[in-house]
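Undergrad: So the sequences go chain by chain: A and B.
Sequential numbering from 1 applies to the first sequence in our numbering.
Sequential numbering from 1 applies to the second sequence in our numbering.
Some hints could be false.
Stated by the list, open to error - Far from chain A, some chain B residues (derived; all Cβ distances over 10 Å):
| no. | residue |
| --- | --- |
| 1 | L52 |
| 2 | S168 |
| 3 | Q182 |
| 4 | F303 |
| 5 | G327 |
| 6 | N385 |
To be verified - Each pair of labels, with its calculated beta carbon distance range:
| no. | chain 1 | residue 1 | chain 2 | residue 2 | range |
| --- | --- | --- | --- | --- | --- |
| 7 | A | L10 | B | V313 | 38 to 46 Å |
| 8 | A | T126 | B | L326 | 26 to 34 Å |
| 9 | A | L10 | B | S8 | 46 to 54 Å |
| 10 | A | K62 | B | Q198 | 23 to 31 Å |
| 11 | B | L326 | A | L232 | 32 to 40 Å |
| 12 | B | N83 | A | R33 | 33 to 41 Å |
| 13 | B | D194 | A | E89 | 40 to 48 Å |
| 14 | A | K210 | B | I389 | 47 to 55 Å |
| 15 | A | T126 | B | F306 | 20 to 28 Å |
| 16 | B | D379 | A | C16 | 32 to 40 Å |
| 17 | A | N53 | B | F284 | 48 to 56 Å |
| 18 | A | K290 | B | R104 | 39 to 47 Å |
| 19 | B | D94 | A | K122 | 29 to 37 Å |
| 20 | B | V231 | A | Y65 | 47 to 55 Å |
No lab work stands behind these hints: they were computed from the structure.
Positions of the beta carbon are idealized from the N, C-alpha and C atoms, including for glycine.
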Amino acid sequence: MINFMKYRYLFFAVSCFFLGFGFYFIFNHGLSRSIDFVGGSLMKIQIKNTDTNSELVANELKKVYEVSEIKKIDNEIYEVTGENLTNEEKEVALNMLKQVYSDTSLLSFDAVGPAISQELAKKTLTALALVAAIITFYVAKQFKDLKFGVAAILAMLHDSLILLGAFSFFGFYFGVKIDILFVTAMLTTLSFSVHDTIVVFDRIRELKRKNAGKELADIINLAISETLTRSLNNSLTIIFMLTALVLLGGDTIKWFAVALLVGAVTGTYSSTFTAVPLLLLFDDLAKKFKK
Amino acid sequence: MKKDVLKSFVFILLLTIFASLVAIPASSPISFEVFGKKIETVIGSPFKNLELKKGLDIQGGTQVVLEADMSQIAQEDKQDAINSATDIILKRVDLYGVAEPKVRSLVSDQNYRIVVELAGIKDTNEALALVGQTAELSFFLIKQPKTDDTNATVSANTGYDFQPTELSGKSLKKASAQFDPQTGEPVVALDFNDEGRQIFAEITTNNTGDSLAIILDGQMVMAPQIKTPIVDGKAVITGGFNIEQAQQLSIQLNAGALPVPIKVLEQRTVDATLGADSVQKSVFAGLVGIFLVAVFMILYYGFKGFLAVIALVLYAIFTLAIYKLLGITLTLPGIAGMILSIGMAVDANILIFERMKEELRLEKPFEVALELCFGRAWDSIKDANLATIITALILINPLDFRFLNSGGMVRGFGVTLLIGVLLSLFTGVLVSRTLMRMFLKGSK
């Protein structure tokens with residue numbers, strides 16, 4: 001049997017590396033939020049004209065409204081972010097563009113007012129807090145031990161922070177924005193993370209019952225070696241599905257799938273290599289206190 | 001024991017046949033060749049009225065969130081006002097000819113909102129203009145008739161003597177867009193109801209020589225001079241409309257005026273081609289993903305894995321059937337949720353298989369190991385999935401808690417995730433257990 005717990009500080013180091021990486025990006029470059037959370041307008045425009053580029057299109061649009069960002073997301077498709085527009089203002093902008101580029105069509109148009117975006121931000125934070133609270137409570141109750149609950153919630157926090165860090169990185173290099181779908185992916189990550197953690201914890205609890213006198217570290221090693229194949233295999237199937245979705249699923253949900261994928265990977269890692277070593281750490285600390 | 005297994009096997013078989021009949025499209029032409037002979041036939045679901053509902057992001061359309069300005073409405077009347085505004089907007093989009101419009105009110109704290117979903121319409125601008133206008137029609141008498149300024153707003157400062165009349169949009173029986181027979185100009189013809197006809201006749205009889213201003217949402221559209229008494233209850237508004245404007249106004253007048261002014265808070269429009277393209281891609285991605293999972297399961301677990309793949313295929317069929325039966329609207333995040341849940345659905349199988357290996361390693365007899373692994377694995381499966389179910393429920397927000405998000409893409413994802421998890425418990429445990437009991441022998 002592999003003595004997994006011997007390497008627990010290595011596991012913590014790996015976690016810290018990724019957390020540090022994430023924090024570095026979050027503190028230096030922040031998170032770029034989509035119009036879902038900051039308000040504004042987002043247009044996807046198709047311009048069938050090979051002689052133009054983002055800058056020229058932006059210059060045209062800037063004559064009519066405040067454009068904050070323009071991105072060429074596909075061969076002929078431009079994504080324009082800007083101030084909040086009414087439907088009439090959108091038409092004005094579009095008609096002006098049509099005068100320059102005759103073959104212009106609007107693929108999608110989103111406009112979010114400031115009232116809505118602030119409200120949404122509040123609601124998503126509530127949802128995140130609610131999920132975290134319910135899951136901690138549930139795990140603690142299920143295992144009749146707060147140590148399990150706290151270890152599970154820290155692993156969840158670890159996954160959320162790594163996911164946030166990853167998207168700060170993607171935001172900086174690829175202009176990806178945090179939108180409502182990202183938050184949805186984050187909530188799903190929370191449940192992923194705890195899903196795997198519970199399977200390992202369940203096994204630890206079962207083995208503890210069977211081997212009453214044994215050291216917790218040994219029990220944990222046994223539990224990990226018994227559940228690791230399952231954990232990896234299950235994650236692999238999820239990773240297959242999500243990778244297919246990232247590579248082939250089209251532009252609209254690409255980054256949503258990426259967020260889920262990052263969540264699935266870190267969720268799998270953290271269950272075995274963050275939550276369980278933390279549990280052991282808490283147990284050691286508790287023993288030291290008793291002495 | 002053996003008899004029970006057979007029973008559940010037959011049950012699953014029947015369920016699969018039923019689900020397949022529901023899941024297949026209403027009519028799908030099939031052509032194939034057998035021994036050089038071409039056979040063409042159309043198979044179709046016998047449940048033709050069950051269709052997979054597509055969300056706005058897939059079939060294209062517009063979603064608008066409107067906010068009603070309640071500042072002028074007494075607290076106790078606000079709920080009534082939002083309800084009647086919702087009804088009127090629904091009536092308008094119905095008259096405009098939108099198939100299956102969705103209009104619902106959304107009240108939270110002091111915010112009174114209306115969410116309008118218009119699927120598959122070409123001209124969103126026209127539809128939005130239709131929804132957004134209050135369309136409050138009123139008639140004022142002008143005692144000193146001398147104006148052709150059609151844009152003058154009604155106010156005390158204009159110098160004219162405006163006298164309100166009892167005539168309003170409520171006195172209308174019907175409005176319709178027509179063409180003026182002389183000028184060919186589009187006009188809106190008004191047909192008053194009995195009460196309106198009486199008032200109209202009184203006004204025109206008593207005030208011949210004065211002007212009657214027709215005012216729409218505080219803007220004067222026109223103010224024709226009353227030349228002769230009109231007793232047939234018919235009038236015509238010529239406001240320099242084009243035909244679209246005339247049609248729009250008549251729809252608005254027919255549906256009635258909104259009790260409160262509204263403004264657009266949020267708008268999301270997707271072109272149908274973009275949606276169709278995305279769906280095609282994500283469905284293809286899903287199929288590739290399922291194929292990869294199937295290959296992996298069969299390579300790793302052999303015949304057992306093959307049984308799990310069959311359970312997975314049944315899972316996909318059941319999912320589609322449930323979507324159709326419950327009338328779930330499919331959105332792009334919803335499809336992602338479905339694809340994700342397929343990946344998660346094999347988890348139960350993997351848990352069971354791994355558990356079985358362990359029990360066999362302890363040299364328990366095959367039959368015992370088979371039964372033991374289901375019981376033991378079930379505990380973990382149940383606990384682990386509960387967390388996902390909780391998350392899905394928070395995303396769906398079924399009780400419409402005001403502090404949580406409700407509706408839209410998030411709910412779509414939550415619904416498919418929840419159905420996915422519940423169904424995977426069914427197929428992952430019951431279906432694969434039955435299959436394993438039927439087809440796995442101890443020698444394996």
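Undergrad: Classify the label on B:Q182 as holds or violated, using whether its beta-carbon is more than 10 Å from each beta-carbon of chain A.
TA: Consistent with the label, B:Q182 stays out of reach of chain A, its closest Cβ about 33 Å off (over 10 Å).
Undergrad: A range of 48 to 56 Å was offered for this pair. Does it hold for the Cβ distance of A:N53 and B:F284?
TA: Check failed, 31 Å falls outside 48 to 56 Å.
Undergrad: Taking the shortest Cβ-to-Cβ distance between B:N385 and chain A, state whether it exceeds 10 Å.
TA: violated (7 Å)
Undergrad: Taking 29 to 37 Å as the hint, is the beta-carbon distance of B:D94 and A:K122 inside that range?
TA: holds (34 Å)
Undergrad: For the range 46 to 54 Å, tell me whether the beta carbons of A:L10 and B:S8 fit it or not.
TA: Given range 46 to 54 Å: holds, Cβ gap about 48 Å.
Undergrad: Return holds or violated for the Cβ distance of A:T126 and B:F306 against the range 20 to 28 Å.
TA: Between A:T126 and B:F306, where Cβ atoms are some 45 Å apart, the hint is violated.
Undergrad: Starting from the range 32 to 40 Å, see whether the pair B:L326 and A:L232 falls in it by beta-carbon distance.
TA: This hint holds: roughly 35 Å between Cβ atoms.
Undergrad: Could you check that no beta carbon of chain A comes within 10 Å of the beta carbon of B:G327?
TA: It holds; B:G327 is separated from chain A by about 22 Å at its closest Cβ, greater than 10 Å.
Undergrad: Would you assess whether B:F303, listed as outside the interface, keeps its beta-carbon beyond 10 Å of every beta-carbon in chain A?
TA: The claim holds: B:F303 sits with its nearest Cβ about 17 Å from chain A, beyond 10 Å.
Undergrad: If you check the beta carbons of B:D194 and A:E89, does the distance land in 40 to 48 Å?
TA: holds (44 Å)
Undergrad: In this structure, is the beta-carbon distance linking B:N83 and A:R33 contained in 33 to 41 Å?
TA: holds (35 Å)
Undergrad: Return holds or violated for the Cβ distance of B:D379 and A:C16 against the range 32 to 40 Å.
TA: About 33 Å separates the Cβ atoms of B:D379 and A:C16, which means 32 to 40 Å holds.
The structure fails hints 6, 10, 14, 15, 17, 18 (numbered hints given earlier, in ascending order).
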